[in-house]
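Undergrad: As a plain string of letters, each chain reads:
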Amino acid sequence: MAMEAAVIEKLIREGIPDATVEIADLRGDGDHYAALVTSAAFKGKSRVQQHQMVYAALQGRMGGELHALALTTAVPEGA
Amino acid sequence: MVDQNVKDRIEQDIKGNDVVLYMKGTPVFPQCGFSAAVVQVLSTVGVKFKGINILEDPGLRQGLKDYSNWPTFPQLYVKGELVGGCDIVREMYESGELQSLLADKGVATGANA
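Chains as they are written, first to last, in full-length UniProt numbering: chain A, 1 to 79; chain B, 1 to 113.
Any given hint could be a false lead.
Stated by the list, open to error - On the chain B side, residues computed to face chain A include the following (Cβ under 10 Å):
| hint | residue |
| --- | --- |
| 1 | S68 |
| 2 | G80 |
| 3 | L82 |
Don't read these hints as lab results, they were simulated from the structure.
Note that CB positions come from ideal geometry on N, CA and C, so glycine has one too.
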């Protein structure tokens, strides 16, 4: 099972509308991605909560269809 | 909903031990790169921790995902609270936040562990 980078990006954007998403396919197998998600909605939230927001946007695919997503979250400057 | 028995076991583990790592495999034989990475960080920081192999306990594996609303493993808990998975633990280690979290929570590290 694998997922397209564009699908991951689309889901994250739908779940976190103001997010900017940068995705790298780590192994070219559609199963190991790294993503940097930046959103003002993360402001004041712990890292765990920020990551949970991204996982929620992925609607349960994290850990199943999507085996590995090396995730980094950030709040935009001045947010 | 988390099965009550599983929930009790989780709470017993994470409240009965300062640092608990739910992982794939064991600290000596991790069976996943992400789990191995966190074991590496914890041993570098020099903190004692209880490693629990979720591969041997499917009920616990699913229970933890629901209990903490966290879909993957490893999962690191300090003083009963989810710190995060491999990404967060590594990020916190590199920034020194993991070391200060442990110190703030009164968990011994390094030589005095």
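Undergrad: Hey, does the S68 of chain B contact hint survive, CB to chain A under 10 Å?
TA: holds (8 Å)
Undergrad: Would the hint on G80 of chain B stand, with a C-beta cut-off of 10 Å toward chain A?
TA: violated (14 Å)
Undergrad: Hint check: is the beta carbon of L82 of chain B less than 10 Å from a beta carbon of chain A?
TA: Holds. Min distance 6 Å.
In this structure, only the earlier hint numbered 2 is contradicted, and the remaining ones agree with it.
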